[in-house]
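Trainee: Sequence:
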Amino acid sequence: MKRNLKTVFKFLLLSGTTVVFTVLLFRIFKIRSTFESHERGLPLEPSEVRIISNEKIDWHDYDAIKRDSLRRGTGEQGKPAFLTAAESDNYEKLYKVNGFNAALSDQIAIDRAVPDIRHPGCKSKKYLKDLPTVSVVVPFHNEHWTTLLRTAASVVNRSPPHLLKEVILVDDCSTKEFSKKPLDDYLAANLTKVRAIHLPERSGLIRARLAGARVATADVLIFLDSHTEANVNWLPPLLEPIAQDYKTCVCPFIDVIQYETFEYRAQDEGARGAFDWEFFYKRLPLLPEDLEHPTEPFKSPVMAGGLFAISRKFFWELGGYDEGLDIWGGEQYELSFKIWQCGGLMVDAPCSRVGHIYRKYAPFPNPGKGDFVGRNYRRVAEVWMDEYAEYLYKRRPHYRDIDPGDLTKQKALREKLHCKPFKWFMEKVAFDLPLKYPPIEPGDFGVGEIRNLAAPELCVDSGHKDRDQVIGLAECVKGTNKNGEQNFALTWHKDLRVKGKTLCLDVSDPNDKADIVLYPCHGSQGNQYWRYDVEKQWFLHGGNPRCLDCDPGQRRLYVTKCDDQSKTQKWRFENVNLTMIADWENVGVRF
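Numbered per my numbering, the sequence shown finishes at 671, counting up by one with no gaps.
Worth flagging that the hints you see were computed from the coordinates, not collected in a lab.
Treat the hints with caution; some may be incorrect.
[Unchecked claim] 20 Å max Cα-Cα, derived SDA-like pairs, lysine to any residue: (1) K491 to K574; (2) K500 to T488; (3) K579 to P625; (4) K245 to T213; (5) K362 to T488; (6) K393 to Q324; (7) K379 to H199; (8) K327 to T213; (9) K474 to K393; (10) K574 to E654; (11) K496 to D486; (12) K256 to G179; (13) K574 to E537; (14) K500 to V597.
[Said to hold, decoys possible] Label-pair distances were calculated between CB atoms; the ranges are: (15) P536 to E615: 17 to 25 Å; (16) I277 to P443: 54 to 62 Å; (17) H498 to Y361: 44 to 52 Å; (18) Y171 to Q645: 47 to 55 Å.
Here the structure is a predicted model, which is why all the values come from computation and not from measurement.
Ideal placement from N, C-alpha and C gives every residue a C-beta, glycine not left out.
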């Protein structure tokens, strides 16, 4: 009996050694294979995201929150800041190359505190204890050094250390001196979880993101822009839906960092991403069930752009981004359609907030590659939109003549993944999009010049102005005004826009005699809601209406309380569709 036991023990010992040796060999080959894949530029093998426990915990870092609450100084707590006379020397120079007030950015701490503007319910929410690890990918080209570093620092400082594996800054062949060795040295000394990879030639935003994703090693990829700031406890709300289902893509709420003052404020309290049939990004209102649960993730048809989290496994199952897309443009639609049509889910997480600088203007020169945006849109439409692509081509007929390049790989991917048709996406996911952005649009309520009856020589005039600029009156131009700045359309969206442009007459000031400014049309019935009263010849603004009025002497335009006796509130609209005006309430609902 003892001899038999000894024999068994020796066998088990020998077998155990063999097993251990086999496991070691397997790991060596796996590491070598992974290294070789990295060297060849292939994505590292993605790992599965698994939940080990359903236990939930409070992820807030209360010590860090308290430290931030005590910070004082320029731009701290996200308050608007301003340059002193002594600090303004480089203002114009830096503004020109960045499209925002970079001189002010240099006066604000890299690790500044931002206001916690989440819904109050977010502060008591708990999330799964077992969450996946994260690689944050930040592509940049000639980003200003302090906004880039503030992006990285906010991610490191406001992320649980054991979840944040790495931050990868992808230098898309920048020419600014700081972007090379000085950046690497700074990161090595101050932000050890952050590293930069430097692309040898300009590749564009899409391919730069792919380059970062290929070298990422964590379970989840998070893509951010290079002038962002992560807010309090931003990470767990992005990760929990992915931990529950690795085919879920999660987007944070994107707050506004004002380009002039660096004030941090909310954009709004949520909306669902969408598009019109020229592929301009639009937003749809939250559904009633979303409004009932303001801290819970809600489904969204389309992501806003470059801020989102996705499991590395699912990202590469979808083929990443289409590498045939050039520079930028259309990538958010391509990935959104793929996610939904190929078995995934996309949600916005209200309790995850990230601030973003919306530049005053794009400072980068045209890359000289022709209509690369149109080409990208054609690729997306041809691969994913089926018969609905025709609605895009009707708005932009020249897209039909653009060569989209080889689509074989993308169409094969769609077939391999058994992806659903675009009609399914429109009916099940973006089901209310045609109500606000119909494929075939109704006509306008009215179009042409808007002439004041108290001063019939004066017309509303946009004066070749741009967004956020105040408009007024000018002498009516006869004949040539049809294609000029005195030609307006009261559209089926119930906004009043400069004909042929996407700028609308907007009033956000609630005070009396509030100015009229131009602002990008957003299709909502708020600051841009207008209607024309044919009998009284009034242009009424807002749900609690005020009337369009003017001061002919100063040629000033404004809204004020409606007055039947005021001739300056009466306007002749050149061409009015009386049938549509009579059916006002139904237009925008039935379509």
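Trainee: Compare the structure with each hint and give your call.
Mentor: Status of the hints after comparison with the structure:
no.	hint	in the structure
1	K491 to K574	39 Å, violated
2	K500 to T488	18 Å, holds
3	K579 to P625	23 Å, violated
4	K245 to T213	6 Å, holds
5	K362 to T488	30 Å, violated
6	K393 to Q324	14 Å, holds
7	K379 to H199	18 Å, holds
8	K327 to T213	16 Å, holds
9	K474 to K393	37 Å, violated
10	K574 to E654	17 Å, holds
11	K496 to D486	17 Å, holds
12	K256 to G179	16 Å, holds
13	K574 to E537	27 Å, violated
14	K500 to V597	43 Å, violated
15	P536 to E615: 17 to 25 Å	19 Å, holds
16	I277 to P443: 54 to 62 Å	23 Å, violated
17	H498 to Y361: 44 to 52 Å	28 Å, violated
18	Y171 to Q645: 47 to 55 Å	49 Å, holds
Hint compliance for this structure: hints 1, 3, 5, 9, 13, 14, 16 and 17 are broken, all remaining hints hold.
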